Amino acid sequence: MHQDIAFRAAYLVTASAEDAEEAAAAGFLKAQRALARFRPGKPFRPWLLAIVVNEARNRRRSASRHERIGLRALAQDRPGDAAPSPEASVLAAERRRRLLDAVSELPEKQRLAIACRYFLDLDEAETANVLGVRPGTVKSRLARGLAHLREELPDDA
Amino acid sequence: MRDLERELRELGAELVVPATPDFAARFGSGPHQERADPRSRRRLVLVLAVIAAVIVGVAASPARTGILRFFGIGAERIELVDRLPAVQPETPLFVGSEIDLADAPFPLQRSDVLGDPDHVYASGDVVTLLYGSPKRVRLLVTEIGSDELRPEFAKKLLAVSTALTLVRIPGVVDPGLWVEGEPHVVVLPGAPPRLASNTLVWTNDGRTLRIEGELGVDDAVRIAESFR
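Chains as they are written, first to last, in the working numbering: chain P, 1 to 157; chain A, 1 to 228.
The hints are simulated quantities; they were obtained by calculation from the structure and are not laboratory data. In this text, all values refer to a predicted model and were calculated from it rather than measured experimentally. Yeah, the Cβ is synthetic: ideal placement off N, Cα and C, and Gly gets one too. Among the hints, a few may not be true.
[What the hints assert, rightly or not] Only part of the chain P face toward chain A is listed, based on derived beta-carbon distances under 7 Å: (1) Phe-44; (2) Trp-47; (3) Arg-96; (4) Leu-99; (5) Leu-146.
With these hints in hand, go ahead and build the complete structure from the sequences.
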């Protein structure tokens, strides 16, 4: 369970399966070494994810990968959707592609806040723990990120 | 107006992420894994168990024992030691003064699986429920009225070869610590050190709880899950 979300978090930062695996493994190892400093009673998952995300960010920086992250989304209709027309399918896929592109173009702090909050489905407090910032900072990064995305993708896009 | 946040959540579910590699396997296996019952423990023992396995493995290295001199789960302090202190095998159980259940110093979390204990003892903020008799203990349940580490509460001494496993208890936020196998020593306030049986320690709602007895991890987790 933690292994999956740790790898997913690392992949969202690095967009490289190899780097994500390295980051997640290194994060687990660091967590093991730091376990004695883990404060009992505090939620474990954000603490672990914070270490993994930090490892992933370090790897991304050390590789000087300043290009936008190259995430891909499934180009398929969601289960349970009514069968859309071909035009609607194309438009929906195009919007998802543009949305993902727009997320990829966000400044890193906003992108990580968006990724933690929406792609990993963490709540704001967990996101704050993972990113090592205050909940208020998460709120403002999310708000700025969402505002950017709305500018990039108007409702009729 | 489109719900952008909902769109982002849906997008997150559709992101193409490679299958998670088994990177935790790089850490090697621990003694507990050899005993693991794949039918039921797999769902309980998280990948965190690997971390605990590594802890045990690292502890065996003299150069790195410093990492493990101290470990905390809730109010319980756990020390990994090279050699356990001498303990009289016939040390009578002493876990405080016997009290009535209603006189516990704080509201106890209770298990609907276990029912009422046969004896109840208290020593400061430590309450022990005994199932069986003091001479033939079937199960000990200890509740400590805090989940903050305080050295005066309880201490457990483990040989480095003792198997430690972090387990997930359904309905409980943080993982519990399962101690099984090699004998270990528990020290409660005001009591002489004594040898302990298999033990599960966890925290819940500001309390530290531990159950101790000749039981396996599945039964221990099932009992822990029933505490509310």
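These are the hints, each one checked on the structure:
no. : hint    : verdict
1   : Phe-44  : holds (5 Å)
2   : Trp-47  : violated (10 Å)
3   : Arg-96  : holds (6 Å)
4   : Leu-99  : holds (6 Å)
5   : Leu-146 : holds (6 Å)
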